[in-house]
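Engineer: Given next are the chains, with one letter for each unit.
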Amino acid sequence: MADVITYRDAVAEGIAREMRRDASVVCLGEDIAAAGGVFKTTTGLLKEFGPERVWDTPISEQAIVGAAMGAAMTGMRPVAEIMFSDFLACCWDYLANEIPKVRYMTGGQVTVPLVVRTANGGGLGFGAQHSQATENWALTVPGLKIAAPATPADVIGMLAAAIRSDDPVVFFEHKGLFATKGPPPPPGHVVELGRAAVVREGDDITLVALASMVPLALKAADVLAGEGIEAEVVDLRCLVPLDAATVLASLRKTSRLVTVEENPYQGGWGATVVSVVADEGFGLLDAPVRRVAGECVPLPFADTLEQQVIPTVDKVVTEVRRLAAY
Amino acid sequence: MDAGALLDRYERMDVIRRTEKAAHDLFLQGLVKGTTHLAAGQEAIAVGASAALRPDDYVFATYRGHHHALARGATPEECLAELMSRATGLCGAKGGSMHLTKAATGMLGSYAIVGSHLPMAVGAAWSARLRGTEQLVVAFFGDGATNIGAFHESLNLAAVWRLPVLFVCENNLYMEYTPIADVTAVPRPAADRAPAHGIPGEVVDGNDVVAVEEAVGRLARRARAGEGPAVLEAETYRHFGHSRADPAAYRPAEEVERWLKHDPLDLARGHLAELGVGAETVAEADERARAVVERAVEAAKAAPPPDPREALTDVWADGGAAWRT
Ligand SMILES: Cc1ncc(C[n+]2csc(CCOP(=O)(O)OP(=O)(O)O)c2C)c(N)n1
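Sequence order for the protein chains is Z and H.
Each residue of the first sequence is one higher than the one before, counting from 1 in the UniProt record's numbering.
Each residue of the second sequence is one higher than the one before, counting from 1 in the UniProt record's numbering.
Calculated from the structure, these hints are not laboratory results.
Hints should not be assumed to be uniformly reliable.
With a cut-off of at most 16 Å between alpha-carbon atoms, the simulated EDC-like pairs for lysine to aspartate or glutamate come out as follows [claimed, not checked]:
| hint | chain 1 | residue 1 | chain 2 | residue 2 |
| --- | --- | --- | --- | --- |
| 1 | Z | Lys101 | H | Glu294 |
| 2 | H | Lys21 | H | Asp318 |
| 3 | Z | Lys101 | Z | Glu30 |
| 4 | Z | Lys101 | H | Asp318 |
| 5 | H | Lys21 | H | Asp286 |
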């Protein structure tokens, strides 16, 4: 293997590793087979595993996720692709009502070990119906695990954990990260779901970020370091299970918290993080908390407009400065 | 069908009818809360179809699914205990009337979002094919479900992947309160649409258990042989209203009368007489069914409520419900 891998290629590599070790892993989705996926995240899978394990589907989001559910209930480990996360709304019944509830309402009789992968988030100028960060939609539903890796190594490690999980996992791949590169992880690399990573250490303030917001927070931390403010950056990696323990441990050091979210402020995951902190870590805080998040508007098309709406390095730096001076 | 087999189907339908009656009475006594969607009048579809299946086949049903759960191996006691919120209920009282499920016997659930289970059935059939089994999947649904997008997505996907799944529509003429004919452009909401998806669509008298078993058996052999899915539209009628809140006053009296005369149990009795089964033998079957359901009611009544701690179990495969560390 090369000494760097793109986030995009890491997706196919992560799936392939699991398909090699477990014959019950199968893929389905629109354009995922011969075409290799619209984002080229499934390139090579059809060639290696053949059409009995990599299935092109019609444009039928309900059938894709519903069929994945039926297959998962009966012995398979399907990995379903929903092309853009915006389209999760077309199969929302399965994510909100069916998949996460069936184990509970059958009194534990049925397990649904599936992964729904989807390309999430903005930054590529795709307009309001192809750019949303929708992980919060899933966060409102008890019974779904939610993964959102920020690096190629995490893509592979978290895909391994997601596919091996006996619980349903919604796996958000970030469109803005597909071209980014990183070291490929060694064989057998697994990143347990629900383990956040401290990706930069610092004593002055904790930045909690997810997916594309992680590199953004790291850039902001670099700028702040130039001003003598040492930010610790926590990559949550998963929203469910939520690693609140790592956030609280970081606050024990820094006493100041900023969450950095691409999704709209209204109902965003940062609200859940800060509510846990307010509840259990109030005494750790020396300042109010701040949430840098998207505006509550549909994502606009033009870059200049989009920059107004989603977090930027400048917005994070500004909030941190205000908080450092508190 | 020989007399012994038919008597067996009759007795199964009789148990279901009596269990539905018990559910109705227990509701009126305040022992069943929420609601129920009774399937009295539609027993022949569940029993006929189930009799044509193998033990390892799968079925998916709707909120009107008591009859399917019972036909597919759930006991009256487990079902009534579930309706009565008892710990011994089929789903530990976490499911209720609309979600009767018995995975161990292939009854993979009852789903209350109209049409939602059709793609799941397709997925289970896909899985059967991937695993190289000869399992068949049957999805039961109402006429109302045929106007849901998932119905069409399911038929197309099942057809294009040639999957061993049967779509069995229980056309009882009504959605909740609206006649299906008022809101559907074709007379046979399921069977007429099947050919558009490259699938055969057949119609059967859903109150005739012999006809249902024959049709499902034939379509099942076809599907197991790799010839793909089929749609079977079974014409039937529900004796009660849509749910417990519905006296069904919208139905014309002559229509109700006509259908009540075409009762699945009466039809089966007629077939039994033709086969030379005496009234005494039928009465013995009735008596056995009565006793089974009566014991089930007593046992369910005597069962304890669920442990409140169970509310926080079974979200995840490890048995728990923790969303954070
Ligand atoms: C998606 C959805 N829309 C509406 C409802 C409310 N609803 C419950 S049952 C029902 C009628 C369904 O009729 P049909 O499919 O013919 O089944 P039947 O009750 O006759 O068995 C409706 C509209 C629902 N549960 N799900």
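Engineer: Each hint: holds or not?
Structural biologist: Now for the hints, and whether the structure bears them out:
no.	hint	result
1	Lys101/Z to Glu294/H	32 Å, violated
2	Lys21/H to Asp318/H	38 Å, violated
3	Lys101/Z to Glu30/Z	26 Å, violated
4	Lys101/Z to Asp318/H	15 Å, holds
5	Lys21/H to Asp286/H	14 Å, holds
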